[in-house]
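Peer 1: These are the residues of each chain, in order.
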Amino acid sequence: GAGVSQTPSNKVTEKGKYVELRCDPISGHTALYWYRQSLGQGPEFLIYFQGTGAADDSGLPNDRFFAVRPEGSVSTLKIQRTERGDSAVYLCASSKQSYTGELFFGEGSRLTVL
Amino acid sequence: AQSVTQPDIHITVSEGASLELRCNYSYGATPYLFWYVQSPGQGLQLLLKYFSGDTLVQGIKGFEAEFKRSQSSFNLRKPSVHWSDAAEYFCAVGGDFGNEKLTFGTGTRLTIIP
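Residue numbers (our numbering), protein chains in the order written: chain A, 1 to 114; chain B, 1 to 114.
Please keep in mind that the hints were generated in silico from the structure rather than gathered at the bench.
Some hints could be false.
[As the list claims (entries may be wrong)] Calculated from the model, a selection of chain B residues having no Cβ within reach of chain A, i.e. all distances over 10 Å:
1) 8
2) 29
3) 103
4) 106
[To be verified] Subject to a maximum C-alpha distance of 25 Å in a straight line, what follows is the list of computed PhoX-like cross-link-like pairs (lysine-lysine):
5) 68/B to 49/B
6) 68/B to 96/A
7) 96/A to 49/B
No residue lacks a Cβ here, since even glycine has one placed at the ideal position from N, Cα and C.
Using the sequences and the hints, build the whole thing.
Peer 2: Shown next, in the form of structure tokens:
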């Protein structure tokens, strides 16, 4: 596709459930990022992939959060035992190369934990 | 630690009037600075960036920003706003070699009145 695609666009789940959010980056982009945006806040860094490996996961809030990118393209953000505080918009971005700050963002996946 | 402050949560401007959105940053080294725009139903889009060199940088959609090291500022300007400029604007720092993560400010919401 032409841009970064994220699915689902909206996810409502119950506290304690497991959630997966998918990101399809722009073809040929080697760098992939996950950010989280809470209401009234700017995006907050979660994790960065260069190829298949997580180059920097320092933003993941705790061990309930995990992300993979097994073939260096599509990435999945996984959240276990969801809590109400996990409710936010999860943004994915990709970049043609690292260290440029030129990120192309998807529209996000809005997660609501009841 | 790097940080960004956008002191104005919400700004209202008349169509055709000039615009300045403020951004102050904190960063240990020479900063890489960015402005992103988030329109409803769209992903964040890069407006412009500063890496080095000329402190006045031009971006897309007629926007420009000026880096002032002495004031730790990177304010965004536009001489004449259009109704389509109504959006949320985010200043960010980072994204340079060895620091892939961007730190965003909390954003400034821009409203345009006819």
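Peer 1: Confirm or reject each hint.
Peer 2: Structure-based check of each hint:
1. Every C-beta of chain A lies more than 10 Å from that of residue 8/B, the closest at about 14 Å, which supports listing it as non-interface.
2. Every C-beta of chain A lies more than 10 Å from that of residue 29/B, the closest at about 13 Å, which supports listing it as non-interface.
3. Against chain A, the non-interface label of residue 103/B is violated: not every CB pair exceeds 10 Å, the least being about 7 Å.
4. Some Cβ of chain A comes within 10 Å of the Cβ of residue 106/B; the nearest lies about 5 Å off, and the non-interface call is violated.
5. The hinted pair formed by residue 68/B and residue 49/B meets the criterion: a straight-line CA distance of about 14 Å does not exceed 25 Å.
6. Between residue 68/B and residue 96/A, the direct Cα distance comes to roughly 29 Å. Violation of the 25 Å bound is thereby established for this hinted pair.
7. The hinted pair formed by residue 96/A and residue 49/B meets the criterion: a straight-line CA distance of about 16 Å does not exceed 25 Å.
Comparing the model with each numbered hint stated earlier shows that hints 3, 4, 6 do not hold.
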